[in-house]
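**Q** Residue numbers (our numbering): 1 to 621.
Since the hints were made in silico from the structure, they are not lab data. The structure presented is a predicted model; accordingly, all values stated were derived computationally and were not measured. The beta carbon of each residue, even a glycine, is placed where N, CA and C say it ideally should be. One should not assume that every hint holds.
[What the hints assert, rightly or not] Restraint ranges, calculated between C-beta atoms of paired labels, are given here:
| hint | residue 1 | residue 2 | range |
| --- | --- | --- | --- |
| 1 | Lys363 | Asn181 | 33 to 41 Å |
| 2 | Asp590 | Ile497 | 37 to 45 Å |
| 3 | Ala115 | Ser492 | 46 to 54 Å |
| 4 | Lys363 | Ile497 | 45 to 53 Å |
| 5 | Asp122 | Tyr509 | 54 to 62 Å |
| 6 | Ala404 | Asn538 | 48 to 56 Å |
| 7 | Glu571 | Phe476 | 31 to 39 Å |
| 8 | Phe476 | Ala334 | 54 to 62 Å |
| 9 | Ser74 | Ala334 | 32 to 40 Å |
| 10 | Ser492 | Arg594 | 22 to 30 Å |
| 11 | Glu84 | Glu225 | 41 to 49 Å |
| 12 | Ile595 | Glu84 | 39 to 47 Å |
| 13 | Glu415 | Gln495 | 18 to 26 Å |
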Amino acid sequence: MPESGKAIENEMSTASEAADVRNENEAVAAADELETVGADGENPEAAAEAEMTSGVRQELTMESLLDAAREILSRDAADISNDELRRLKQQFFSLHNSAAAADGEHTEPGVEANAAEITFNDLLNAAREKKNAWSAEQLAVKAANLERKNAIIAEILSLADDTDNVNRTFPRYKELQDEFNAIGEVDQTEETGVWKRFQDAREKFSDNLKINKELRDYDFKKNLEAKQTLLEEARAIADEEDVIAAYRRLQELHNKWRQVGPVAKELREEIWNDFREASVQINKRYQAYFEARKAEEAAHEAAKEALCEKVEAVDISTLKTYSAWDEATAAVIATQKEWSAAGLASPKANRRLFARFRGACDKFFQAKAEFYRNSREELSRNLARKTELAERAEALSQSEDWRATSEVLTALQKEWRTIGAVPKKQSDAVWKRFTTACDTFFARKKEATSGTRNEEAANLRSKREVIGLLSELLEFDGTRDEAFARLRGLQSRWQEIGHVPFREKDKVYEAYRSACDAVRDKFNLQESRRRMNNFRENIQRLEGDDNKLYREREHTLRILEARRNDLRTYENNLGFLSSKSKSGESLVRDLQRRIERLKADIADLEQKIAVIDEGIASAKE
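All chains should be built: construct the whole structure from the sequences, respecting the hints.
**A** Okay, structure coming up:
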């Protein structure tokens, strides 16, 4: 045997020494647990809060926001922030939708505003696509890095099995380690596993091969020098003023520590304990920093809760004059300024509180807009129309063409219901004129047609029979379509039945309407539940696609606001109505039924928005 071969064999005679390298691996693996200290404080940079949406006078303009969107699109994909895109979108649509709210002017947006919105959406979509493409490229790079690292591990294991060629394989083994360390990041879910497999492969190489002691000692020395350098850096950053920067630097040092090979057995525990102690000091400061920040965020959360309650406490129903609205508007805008000056709560609480505060402000300014829309000019137009109907009814009140006049007056009554509110001081007078004329004609008709009482009594029995069949339909266990088909049949039968005694007309009709409503309510409730379950399933399929979820939310919100506006209109009309006749009471009851249906629609839409918000929150978590 050559002398060099004998020397190498003598240096590597004690194979158990190589196994001691495992101690280094175990010590470094312990760093994984240490690095999780302070994990509750992730995401230290709180996102800037979106601008207020309603009634706040902004210095921003649509053009400045468009320029900001263009600037973001011009950046490198890595520098594009999805949070910044969402915040910019909130600012743009806040400005877009609230342009005239503070002055009480509510006109439709013009062509330029629509063009700006289209351009803005195109810019934001292009930025998102650019960011998404870059993210996909990063995933591909990390996958390729993982494949390269696994190939290196496999080659090291192959070298470990070749125990007869130490002089030839050891340089390659060192090259493989350098190549492994030079490869970039892999997916976080694979990082710990691939590193441990790499350590196991290195241990196997050290354990199974009789490494030349001189080479091993030299390797131990270089590794010790590298780890001492890392230890000094860890101690140096322990007192750094910027806690976040120190913590991030520590993570980098831990990554480098993992890449450094083992040191001599007698030094492993000591140097690792020193490095761990330095890490503990940094992590304790990091944890303390975030505990203090949580306390500060809790105080900000309480302050913002109070501001939400302050806006919600504004009693809109008491604001009946322009001066009252101006005073309340000034108070709300002052509260919005307080909100802007308040600090940030936790990200989750901040989103919830901002949505609540924005909703309260939107509700206030929408009510103000409605007040201005219901201007004196509109009320005067409504009064003129109702006065005309009253005059027509008075002209027909002495007619003896019972059938034709009844149809005309019934049509006038339906038209009356479609007209909005009138000035309150004229409301009772014009309503009394109209109902008196109608009641006069129908009373004369009743007296003139008294000979038809027997026929009307038979019709009354037939209509009560239809009501009984409607009540039985509530026990029907078929589908909604089948139930509604039967309902339509009974309604057609009802329409074919003639007049009933006048004194029973309202009572039997009310019973009929209640029975029809009960059938609709029962089977519509079943259908509503089915539709809501389908909606939940559709939203769950969209989870992960923020664009579609936000578009669905905006679409549903627009429908909700339309329903709310209709509800306010009906409730306002109901407030102006006062009836002292049976026909007038029927009009009031009809309005009340419409209001209840609108409230049910609003409840469904609010539930849908809540389902969408859950989907958005689930995707972000």
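**Q** May I ask which of the numbered hints given earlier this structure violates, with the numbers listed in increasing order?
**A** When the structure is compared with the hints, numbers 1, 2 turn out to be violated.
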